[in-house]
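Asker: Residues per chain are reported as follows:
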Amino acid sequence: EAGVVQSPRYKIIEKKQPVAFWCNPISGHNTLYWYLQNLGQGPELLIRYENEEAVDDSQLPKDRFSAERLKGVDSTLKIQPAELGDSAVYLCASSFTGTGASGRTDTQYFGPGTRLTVL
Amino acid sequence: AQSVSQHNHHVILSEAASLELGCNYSYGGTVNLFWYVQYPGQHLQLLLKYFSGDPLVKGIKGFEAEFIKSKFSFNLRKPSVQWSDTAEYFCAVNGKTSYDKVIFGPGTSLSVIP
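So the protein sequences, as listed, match chains Z and W.
Residue numbers for the first sequence follow this note's numbering, so the first one is 1346 and each next one is one higher.
Residue numbers for the second sequence follow this note's numbering, so the first one is 221 and each next one is one higher.
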């Protein structure tokens, strides 16, 4: 079974330029996450989708970042315009979120990430 | 505030030494707990998880973790490390409802010396 696919793997742009990242989750996974990971730190959630709905975008800097998940499958994360401080690895993860007797049980599977360098 | 702390930023061990990486969390309510590993040049992979039941959880590659509710801890252990365990280890927590946030710790870098 294919894992989470992300592209591009690397991107170098100049500040003030736009950039977009694409993610294809594992087939059948209803939940999709975008994270930002700085060097030496843990992933920080940017946005989480349940199917097409963004259920948590409280950490997304909405003045320059946007995301969409059309048809509840693939997702795109965009930055416009990019700033120097946006240099980081952008991770996508997916899971099947179920709720049973023990409450929410979902395990995230991560893609390889996109390493963004803003010059 | 919700948070996850990992006691050690960088751990250096010799092969065959025992490993314990600390993880403490602050999160209201009942939680799910995870340890993820990131080997050099690879993506994050799940080592083990706790949802409910036996607080001692066994994962892949000989790792285990124990959930101690009274201490809000979920420490990772391995009795004998190998050079191939050199990696970054992340503890994570989320709540039991669909709208609870997932919080990751800052990570612990483990270097195993042959």
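No wet-lab data here; the hints were simulated from the structure.
Quick caveat, the model's predicted, so the values are computed rather than measured.
Just to be clear, a hint being listed does not mean it is correct.
What the hints assert, rightly or not - DSS-like cross-link-like pairs, simulated, lysine-lysine; straight-line CA separation at most 30 Å:
1) Z:1356 to W:321
2) Z:1407 to W:316
3) W:289 to W:269
Asker: Of the hints stated earlier, which fail here?
Answerer: Violated: none.
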